[in-house]
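Kindly generate the complete structure, drawing on both the sequences and the hints.
Protein chains in written order, with this note's numbering: chain A, 181 to 295; chain B, 7 to 117.
Worth flagging that the hints you see were computed from the coordinates, not collected in a lab.
Treat the hints with caution; some may be incorrect.
Unchecked claim - Listed below are the simulated DSS-like cross-link pairs for lysine-lysine, each with C-alpha atoms no more than 30 angstroms apart in a straight line: (1) Lys57(B) with Lys104(B); (2) Lys245(A) with Lys187(A); (3) Lys104(B) with Lys187(A); (4) Lys57(B) with Lys245(A); (5) Lys57(B) with Lys76(B); (6) Lys104(B) with Lys76(B).
Just so we're clear, the structure is a prediction, and the values are computed from it rather than from any experiment.
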Amino acid sequence: SAVISQKPSRDICQRGTSLTIQCQVDSQVTMMFWYRQQPGQSLTLIATANQGSEATYESGFVIDKFPISRPNLTFSTLTVSNMSPEDSSIYLCSVQGGTGSDEQFFGPGTRLTVL
Amino acid sequence: GQQLNQSPQSMFIQEGEDVSMNCTSSSIFNTWLWYKQEPGEGPVLLIALYKAGELTSNGRLTAQFGITRKDSFLNISASIPSDVGIYFCAGPIQGAQKLVFGQGTRLTINP
Chain A
181 SAVISQKPSR DICQRGTSLT IQCQVDSQVT MMFWYRQQPG QSLTLIATAN
231 QGSEATYESG FVIDKFPISR PNLTFSTLTV SNMSPEDSSI YLCSVQGGTG
281 SDEQFFGPGT RLTVL
Chain B
7 GQQLNQSPQS MFIQEGEDVS MNCTSSSIFN TWLWYKQEPG EGPVLLIALY
57 KAGELTSNGR LTAQFGITRK DSFLNISASI PSDVGIYFCA GPIQGAQKLV
107 FGQGTRLTIN P
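Given below as structure tokens:
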């Protein structure tokens, strides 16, 4: 499986500011995904990011709040904009296991606390 | 939409005991995935199931794909302290290459 890293691993931010989270994969992948995991909760998909096209957002998530970049097949960023304490969560990126595969492999996550 | 109901929500067991958890849905799934998440880490894929009735093992872990395709089970035999964590089931949403996750089962082991 692919090796996935995320930066930063954790951060504490002030409300109203923005944070950009990076996700780096050690191999080229077509599909990358961004999830949010609120405290004590399960994973919720924010958006699917394919290289060369706009990200596809899930219901309840909008591009203005969570802009995503996917400049190449090994890298993606998620920005959490105009943060509020409700944005305090773990943000995870994942990659598809292979073309057509249902399996996904996850990065270690970014733990965000908004004061 | 497709949803997964996972039970139990939490388990408190003694080291050495066997563990069983399950995941059910009102919808059919063609794949069942079981993940484990430890504190401060992302979920790690434990077992993937692709065929109704399939029984697959990974060490002390055994998972089964229910014959109706609406449920799956994960068993852990002879639990050890490093089994502590949250176990999630997941399945692909029909017609889309994205996953839906269960609520998770939090496993705590008393040594």
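Outcome of the hint check:
no. : hint                     : result
1   : Lys57(B) with Lys104(B)  : 19 angstroms, holds
2   : Lys245(A) with Lys187(A) : 19 angstroms, holds
3   : Lys104(B) with Lys187(A) : 23 angstroms, holds
4   : Lys57(B) with Lys245(A)  : 39 angstroms, violated
5   : Lys57(B) with Lys76(B)   : 12 angstroms, holds
6   : Lys104(B) with Lys76(B)  : 18 angstroms, holds
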